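Asker: Each chain, written out:
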Amino acid sequence: EAGVTQFPSHSVIEKGQTVTLRCDPISGHDNLYWYRRVMGKEIKFLLHFVKESKQDESGMPNNRFLAERTGGTYSTLKVQPAELEDSGVYFCASSQADLGNTEAFFGQGTRLTVV
Amino acid sequence: DAKTTQPPSMDCAEGRAANLPCNHSTISGNEYVYWYRQIHSQGPQYIIHGLKNNETNEMASLIITEDRKSSTLILPHATLRDTAVYYCIVRTGLGGYQKVTFGTGTKLQVIP
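First to last, the protein sequences are chains A and B.
Numbered by the working numbering, the letters in the first sequence go through residues 331 to 445 in order.
Numbered by the working numbering, the letters in the second sequence go through residues 16 to 127 in order.
Calculated directly from the structure, the hints in this document are not laboratory data.
Some hints could be false.
The following label-pair restraints were derived from C-beta to C-beta distances [unchecked claim]: (1) B:Ser56 with A:Glu415: 15 to 23 angstroms; (2) B:Arg96 with A:Asn431: 26 to 34 angstroms; (3) B:Asn72 with A:Ser339: 39 to 47 angstroms; (4) B:Asp26 with A:Glu433: 38 to 46 angstroms; (5) A:Thr432 with B:Gly118: 16 to 24 angstroms; (6) B:Thr20 with A:Pro391: 41 to 49 angstroms.
Which chain A residues face chain B? A few, computed with CB under 10 angstroms, are given here [what the hints assert, rightly or not]: (7) Tyr363; (8) Tyr365; (9) Met369.
The model shown is predicted, which means the values in this text are computed figures rather than measured ones.
For each residue, glycine too, the CB sits at the ideal point set by N, CA and C.
My request is simple: use the sequences and hints to build the entire structure.
Answerer: Below is the structure:
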């Protein structure tokens, strides 16, 4: 069974450009989460989808970030326009349920560099 | 979710048991203890979790104190591939949603 996959693995863009990150969760996982680690900092929660609905987007840094999950399958995270401080590694995770005793599985991450 | 405290780094000889401690003194009754690890720059990898009983799986054992204020992750026979940053997390989820907060973790170095 395929794990959580993220695309691209690396992206280098100029300040002001737009970038779209994609996450394909494990098949059948209704819960999808986005996290990011900016340089030297801890991994931080961004948002949580249950199927196609945003359950919690309290970690989204500002309105330059837009996440979607049309159809409740894969998700995209768009950054527009990108700023230097957006550089970091963006992780996606999925879980079958969102109960206390259910683990989440993470993708390999997308390393975003804004120059 | 409760905060956790871990030592920033530890060394372990290859083949020996690695015991990674974690303090979570403010843990609530419905919060689980989870362990993940991150090898180099890969995504976090789930290891094990528990509520109050000790747990064991093919990767590790988790020992939770009776008062649940601390726990220890045990890798019984550490290998070089176990070199990673290990994160101890506590989270609730009863009817709620997952919002895991990763701390700084413990950087485990397995030495040949």
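Asker: Hint by hint, which ones does the structure fall short of?
Answerer: 3, 4, 6 and 9
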